[in-house]
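Quick note, the sequences are listed as chains P and W, same order.
For the first sequence, the numbering used here gives the first residue as 1, with consecutive numbering after it.
For the second sequence, the numbering used here gives the first residue as 1001, with consecutive numbering after it.
Accuracy of the hints is not assured; some may be wrong.
Claimed, not checked - Simulated DEER-style distance windows between Cβ atoms: (1) W:1087 - P:668: 56 to 64 Å; (2) W:1041 - P:132: 41 to 49 Å; (3) P:630 - W:1099: 55 to 63 Å; (4) P:120 - W:1020: 32 to 40 Å; (5) P:202 - W:1041: 46 to 54 Å; (6) W:1163 - P:282: 39 to 47 Å; (7) W:1020 - P:375: 53 to 61 Å; (8) P:174 - W:1164: 48 to 56 Å; (9) W:1099 - P:583: 43 to 51 Å.
To be verified - The following residues of chain W were derived to be distant from chain P, with all beta-carbon distances above 10 Å: (10) 1061; (11) 1073; (12) 1074; (13) 1096; (14) 1118; (15) 1121; (16) 1123; (17) 1133; (18) 1165.
What the hints assert, rightly or not - Dumping the calculated SDA-like pairs for lysine to any residue here, alpha-carbon to alpha-carbon at most 20 Å: (19) P:107 - P:260; (20) W:1106 - P:81; (21) W:1130 - P:39; (22) W:1132 - P:87; (23) P:143 - W:1123; (24) W:1106 - P:258; (25) W:1127 - P:260; (26) W:1105 - P:253; (27) W:1127 - P:158; (28) P:233 - P:260; (29) W:1130 - P:36; (30) W:1106 - P:36; (31) P:143 - W:1025; (32) W:1106 - P:254; (33) W:1127 - P:227; (34) W:1106 - P:145; (35) W:1106 - P:205; (36) P:233 - P:451; (37) W:1130 - P:156; (38) W:1132 - P:250; (39) W:1132 - P:151; (40) P:262 - P:227.
No wet-lab data here; the hints were simulated from the structure.
Glycine residues also receive a C-beta, built at the ideal position from the N, C-alpha and C atoms.
Now for the letters of each chain:
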Amino acid sequence: MKTNFKTNFKVIKTLFVTCLLFISASISAQTTGWLQDPSHPPIQLRFMLTGQVDKTNNTVPAVLEVKLADDWKTYWRSPGDGGIAPSIDWQDSSNLVNTDWQWPVPKHFTLLGLDTYGYKDTVSFPIQLQLEDLNEPLILAGKLTLSSCTTICVLTDYDINMSVDIQALQADAEAMFLYNRSIVQVPKKVADENAIQLVWDQANSQLQATVSGYNWLGTPTLLIDGDLDTSFKLKTTEVTGDSVIAVFDASSWLGDVELIDKPLNLTVIDSEQALEFSTSVIAGQVTIAGQSLVGIVLFALLGGLILNIMPCVLPVLGMKLSTIIDAPRVEKGKIRQQFLASAAGIVVSFWLLAAFIFALKVSGQAIGWGIQFQSPWFIAVMVVITAVFSLNMLGAFEFSLSSNVQTKLATAGDDSNRGHFLQGMFATLLATPCSAPFLGTAVAYALGADTLSLFVIFTALAVGMALPWLLVATFPSLVGLLPKPGRWMGSVKTVFAGLLMLTCLWLVTLLSSFLPTLVIYVLFSVVSLVFIGFMIKLKGKRAVLISVSIGLLLGSAGMLAASLTTSKWSQGLPDDLVWQVLDTAAIEEQVNAGKTVFVDVTADWCITCKANKIGVVLQDPVYSKLQADNMVTMKGDWTVRSEKVTNYLQNNGRFGVPFNIVYGPKAPNGIPLPVILTDDAVISAIKRASGE
Amino acid sequence: MKQRLLGWSKQLAIFLLLALIITAVVDVWRGKDFPKDNVPALVGMTLAGEEVDLAELSKDQAVVVYFWATWCPVCSFVSPAVDTLSEYYPVVTVALSSGENLRVKKYMQHNEYDFDVVNDENYDLGKDWKVKVTPTILIVKDGEVKWLTTGFTSLPGIWWRLMMS
């Protein structure tokens, strides 16, 4: 029954097409107009001929424009872990010999850990139609099948019926524009087979790709395709000079992967160009190891440990110290418990951070270290927390609590571990605006890795950061080495309270990206006045005077004060470097013009960035060097969310600030600088890049 | 303490009830264009070589009918739930436009799914059933569609729909 119907249908269709042919003798349409399936309105598409004719190859260019509403996506020729590529079955066409569908560079999407490649919003596919005879009319009768997905997938068929008199073709400006705009987005095919080597390592189920003889801007994106049943996941990329080596994990749900002698395509994309190489796969072994998880875990431990001495965490450590000194005769078991609680607080908050990053990753958002400081709400909450902690250390709350509550607190000794746990969490939150050596490498790896590795690395970071606390927990007698409490304790506590208050004020200044300046001044004054008011009430006027002067002295020496008000510092330090806005195209232009470009990606909330600026960038010899005629300085601001800056960081394999890199005629790919800058590192990189 | 526990469970119950009402309303809206009774026939051969007749199977019991595809990313999250359910309740699944039998079989093996699947390579069943979207889950009883939902659906989500029909 069904087959009968189908044949009947075919006959009708052929009749219909023949009719069309007759009609087309008078009108020759070179576009389908917008097509839309009423049951799937988010997709609109049209198929158009540009009107040009290539007489030597007997081809006419066409373009398929697809518009996708909202979050709908359609797919690349190799869609990855889901989706199907759109295709046209030219079943009943005549005078059509061949078609060549070209694919613009796809975007990478992730959904719950599944990687797909495709297009969102709008995409135009250039399609070359090869004809048998240019003097005959071209009859197109095809079925376009397009898959589109959000959290659901829809497969929709569209009929493409056109009859075109090639001789009467007219140039269609819109179609030509779309065709040309999309053709430049199609990766250029490179015929040179010597430029690329694809090696299949059966034992590890890995494919190693090497491309040599081409220069790339930063670390390019690499895609392997050509075998629809195998999924390739990029593991590591190494760029050295003009060669790129990348390793992919290959897997297939059809069983064992067999790639030897199969021709595969490698598409290499950087911000400037996209090239497509193809070659057959040969057997061999993967030679670059990439970074092993064990190595990264060690890095993470070290990075976490170093975080403790970064300026952000110091006030919290001080808080901890003061509680111990305050009560030296606490039994060992108790000390152990308290420190373990703090360590647990650190670990738990790192897990929360990892879960948060995982959630962002899954929903395909921009990710990075310390991005929560891009949210005004987060900063506001932190302002309140630091203020409360600071005032608490000052004794403001003990003072105002009724005796009834006081007794309750005193007897609730078992509950006090909660406070220590919170201290640990607090330390972690404050640590995030600081990047430390090793930390960047570990975080970058974690953000690019699978979910398990992400949690393993974040756990390692947490353990690293908790190491000092764990040390005390293991050897509680260490506490005995601290000086005996006395009257000086009060002063120490005041100092720590002051440090915390400075942190609070620093956080207030961060809000200046979101609130009017006047509001910031008011907030700043209110917080300061409340603090000073409490101090006068609790410690007396003399103490306030002494503390303020000590605070000022320390502050002018310490970095916290530096981050407090940059304007105050700029009087002391020259800051007349002309910073251009970060722009990858401009970098290349400048480098081509023989200039050396120093790029600083920074954020107001990043204390390490400030330290770099005050300690190295604005100091001689670097400062004078940067002012030289052949130098260009560029700044990427990450204080608030910026997709451009996030992309730039990720293209360079970084996920946090500070990030500094020097480009020059001798180093068009850039020389990345260490997280913590030194005069030597900057000067030698500039020399190497400029070829002095 | 006891009172607190009571309060908690009361809140939880209210929350669950709200969730049920909301999902039910959404289901009704999603299925508004879908024929509720006189469902098309679903007769075919599963990949394991067994005959399936939905009309027969759904007599006096609710059956989960799951339309999915190997190329549908979200199906990778719904399929494990359906697979678990299939151990305890009658489940019929249809793989839409997912290639030939061997491919679908290998896909099932790779993901260790054991549910019954009818391979609808040419989208014929999909067309009959007017299924436009994968994943789509229907609960069919006595030849009537009791529930219809699409997109992400969790194991408890399918289970309560099954229980309510």
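Status of each hint after checking the structure:
1. W:1087 - P:668: 56 to 64 Å: Holds - the Cβ-Cβ distance for residue 1087 of chain W and residue 668 of chain P, about 60 Å, lies within 56 to 64 Å.
2. W:1041 - P:132: 41 to 49 Å: Roughly 45 Å apart at Cβ, these two residues keep to the hinted range, so it holds.
3. P:630 - W:1099: 55 to 63 Å: The hinted range 55 to 63 Å holds for residue 630 of chain P and residue 1099 of chain W, with Cβ atoms some 60 Å apart.
4. P:120 - W:1020: 32 to 40 Å: 34 Å, holds
5. P:202 - W:1041: 46 to 54 Å: 48 Å, holds
6. W:1163 - P:282: 39 to 47 Å: 57 Å, violated
7. W:1020 - P:375: 53 to 61 Å: 34 Å, violated
8. P:174 - W:1164: 48 to 56 Å: 53 Å, holds
9. W:1099 - P:583: 43 to 51 Å: 46 Å, holds
10. 1061: 27 Å, holds
11. 1073: 3 Å, violated
12. 1074: Given that some Cβ of chain P is not farther than 10 Å from that of residue 1074 of chain W, nearest at about 5 Å, it is violated.
13. 1096: 7 Å, violated
14. 1118: At roughly 16 Å from the nearest Cβ of chain P, residue 1118 of chain W sits farther out than 10 Å, so the non-interface label holds.
15. 1121: 13 Å, holds
16. 1123: Its Cβ does come within 10 Å of chain P, the nearest being 7 Å, so this is violated.
17. 1133: 5 Å, violated
18. 1165: 22 Å, holds
19. P:107 - P:260: Not OK: residue 107 of chain P and residue 260 of chain P at ~28 Å, beyond 20 Å, violated.
20. W:1106 - P:81: 15 Å, holds
21. W:1130 - P:39: 10 Å, holds
22. W:1132 - P:87: Distance ~18 Å between residue 1132 of chain W and residue 87 of chain P Cα, so the pair holds.
23. P:143 - W:1123: Since the Cα atoms of residue 143 of chain P and residue 1123 of chain W sit roughly 14 Å apart, the hinted pair holds (cutoff 20 Å).
24. W:1106 - P:258: Satisfied, since the Cα-Cα distance of roughly 16 Å is no more than 20 Å.
25. W:1127 - P:260: 40 Å, violated
26. W:1105 - P:253: Holds - the C-alpha atoms of residue 253 of chain P and residue 1105 of chain W are around 10 Å apart, at most 20 Å.
27. W:1127 - P:158: 15 Å, holds
28. P:233 - P:260: Given that 20 Å is the threshold and the Cα spacing comes to 18 Å, the pair holds.
29. W:1130 - P:36: 18 Å, holds
30. W:1106 - P:36: 35 Å, violated
31. P:143 - W:1025: 36 Å, violated
32. W:1106 - P:254: Roughly 5 Å between the alpha carbons, so the hint for residue 1106 of chain W and residue 254 of chain P holds.
33. W:1127 - P:227: Since the Cα atoms of residue 1127 of chain W and residue 227 of chain P sit roughly 30 Å apart, the hinted pair is violated (cutoff 20 Å).
34. W:1106 - P:145: 24 Å, violated
35. W:1106 - P:205: 19 Å, holds
36. P:233 - P:451: Holds, at about 14 Å.
37. W:1130 - P:156: 12 Å, holds
38. W:1132 - P:250: 32 Å, violated
39. W:1132 - P:151: Roughly 13 Å separates the two Cα atoms, so the pair holds.
40. P:262 - P:227: 8 Å, holds
Of the hints listed earlier, those the structure fails to meet are numbers 6, 7, 11, 12, 13, 16, 17, 19, 25, 30, 31, 33, 34, 38, in rising order.
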